[in-house]
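As you go down the protein sequences, you meet chains S and Z in turn. For reference, each letter of the first sequence is one residue, going 1 to 258 in this note's numbering. For reference, each letter of the second sequence is one residue, going 1001 to 1250 in this note's numbering.
There may be inaccurate statements among the hints.
According to the in silico footprint, chain Z covers these stretches of chain S (three or more CB under 8 Å from chain Z) [stated by the list, open to error]:
#1 5-12
#2 125-133
Distance condition first, Cα-Cα at most 20 Å in a straight line; then the derived EDC-like pairs of lysine to aspartate or glutamate [stated by the list, open to error]:
#3 S:LYS19 to Z:ASP1210
#4 Z:LYS1212 to S:GLU77
#5 Z:LYS1088 to Z:ASP1148
Hints listed in this document are in silico derivations from the structure and should not be mistaken for laboratory results. The structure presented is a predicted model; accordingly, all values stated were derived computationally and were not measured. Each residue gets a CB set at the ideal place from its N, CA and C atoms; glycine is no exception.
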Amino acid sequence: MSDFASTIFIPARDNLRIKQDDREGVIRLCRDITSYSKKGIFSLHRTISEDELIKELAGYFNVLSDRLAKIQKNYPENMHLRGTISGAVEELIEFFTFAFYKYNFQLLRYDVFLKMIQILINGDDVEPIVQYLIKSESLPEAIEPHIDFIDLADYLMGIFDCTGEIMRMCISQSSQSTGDFELKATLNNYRFLQKLYDQYVLLTQHYSGISINRGVFDDSANSRGNISFTKKLQVFESSLKKIESTLLDILVSDKEII
Amino acid sequence: MSLEQFFTDIKDEIEKDLNRKSAIQEIEHQFDSTIIPYKSTINEWINCSPNQLISSIIEKGANGQTVYEIYHSFTTKLAGLECKQSQKERVHNKFVEDSIYVLITNRYFLAIANGFINDPIDIPMVTTPQDVGVIMTPTEIAEILRLDKIDYQAYLLALLRLVDTIVEYTTTTVINESVASTGSKSSNYSIAIINSKIVSKLQNGFQLLDLKNDVLRKRYDSLKYNSQRLNKIVYDLSLRNLITTKGEVN
Chain S
1 MSDFASTIFI
11 PARDNLRIKQ
21 DDREGVIRLC
31 RDITSYSKKG
41 IFSLHRTISE
51 DELIKELAGY
61 FNVLSDRLAK
71 IQKNYPENMH
81 LRGTISGAVE
91 ELIEFFTFAF
101 YKYNFQLLRY
111 DVFLKMIQIL
121 INGDDVEPIV
131 QYLIKSESLP
141 EAIEPHIDFI
151 DLADYLMGIF
161 DCTGEIMRMC
171 ISQSSQSTGD
181 FELKATLNNY
191 RFLQKLYDQY
201 VLLTQHYSGI
211 SINRGVFDDS
221 ANSRGNISFT
231 KKLQVFESSL
241 KKIESTLLDI
251 LVSDKEII
Chain Z
1001 MSLEQFFTDI
1011 KDEIEKDLNR
1021 KSAIQEIEHQ
1031 FDSTIIPYKS
1041 TINEWINCSP
1051 NQLISSIIEK
1061 GANGQTVYEI
1071 YHSFTTKLAG
1081 LECKQSQKER
1091 VHNKFVEDSI
1101 YVLITNRYFL
1111 AIANGFINDP
1121 IDIPMVTTPQ
1131 DVGVIMTPTE
1141 IAEILRLDKI
1151 DYQAYLLALL
1161 RLVDTIVEYT
1171 TTTVINESVA
1181 STGSKSSNYS
1191 IAIINSKIVS
1201 KLQNGFQLLD
1211 LKNDVLRKRY
1221 DSLKYNSQRL
1231 NKIVYDLSLR
1241 NLITTKGEVN
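Take the sequences, apply the hints, and build the full model.
Written as structure tokens, this is what we have:
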């Protein structure tokens, strides 16, 4: 018995423990990425000075830089954890797309997003990223992204969550309404989300079984991934309806004032 | 950025992923087709009584070199595909696990065939200088498949599949012997006690592992039911004094 166990199961146990420790390490990194992305989103929602915001964002980016570099390094031997990493990546995408949208009223380009993540992974200065997101200043040239754990499919899922943040921004805008400026901003946000929603719906009409698993697209109805995608689309729709209600309230309130 | 352009890019990516999926499924299908003869042979052995195995083993047993060539050929094809790594990984794992399963199952039947030539039956659990072991070790697997690193997850999963095969072999043999009973007592009934001891040792081995809530743990849970079934069969056969040839696994 001891021969048999020492030949097969003791080495197997040692090997599986190493894999388990690696897995737990990656999970901790993913939690940090999720956590600091959320902190970034909260900062963006607050009414603070630009300098203060820049300082906070830079702090978050430095932490994200460290965690992303470690994931990039460990990924080749932990590819089976792609699903776990996807969750953190979607939160990261939500953070970046929301930051860019708030100051530019546009969708952040995927290739630009990858460049910024590559800057973080390289451990380069994070200041250009902050300046790009908030002031549209250009990123350093010659950044060629080589990121294996982020795919276009993740980006599509992350944008769903960004729409939720835009909705929250609209609600808080309206509750501080002091005139035309906020109304116009809310109206523009609404129109952007409406166009985005229409594009998502068109996509689902073309691929009725659309699903995403570990960064890979598929088209298979009623799969777990398809159900997940459909739910996100429903949440998006309800966000739109909340903004519609807000707009109606503002319009009615304005008329009452008059 | 134009929303229309972004969603056009999304559609392009979806088409690429669907095409990649088709390509990878084609290779997977080809691999399955290539492995089918080995699995058919295993099914034949499941229906062959232990003391009749030896001739079929010699004639149809899988050659390590051949299994390696199949494994190497398909992993090379897989590596050549322009697919995402996460798509390839699942299929590669399947190639490894299936190849290991074919090898360890062939080894099991070879050891049984050798063991049942003798009376009493004496089979080593792992290979000794004198005799071939019933369980092919990860080191032996790595040597045959020329793996840089032993994939213990795939090995253990294949081992659990082997247990399913062992249980099926036991029930089939006992049924066949009972149906064909001519009154004379057959050494083939000893397969139950041999297999029960093999599975019992494997179960003890698995208990040394720290299994988390993953695919390995889920597959391991069925081991206890298999073990119970074998113990029940051994009990029933012993009660009826049908096990006449002594069997030992050490």
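Coverage assertion for the stretch 125-133 of chain S with respect to chain Z, Cβ distance below 8 Å, three residues required: violated (count 0)
Starting from Z:LYS1212, check that the Cα of S:GLU77 is at most 20 Å away, please. It holds: about 19 Å lies between the C-alpha atoms, which stays within 20 Å.
Taking 8 Å as the C-beta cutoff, is the stated coverage of the stretch 5-12 of chain S by chain Z satisfied by three or more residues? holds (count 7)
Given hint Z:ASP1210 paired with S:LYS19 - CA-CA distance at most 20 Å: holds (11 Å)
Given the hint that Z:LYS1088 pairs with Z:ASP1148, test it: the Cα-Cα distance must not exceed 20 Å. It holds: about 18 Å lies between the C-alpha atoms, which stays within 20 Å.
Checked against the numbered hints above, the structure breaks only hint 2 and satisfies the rest.
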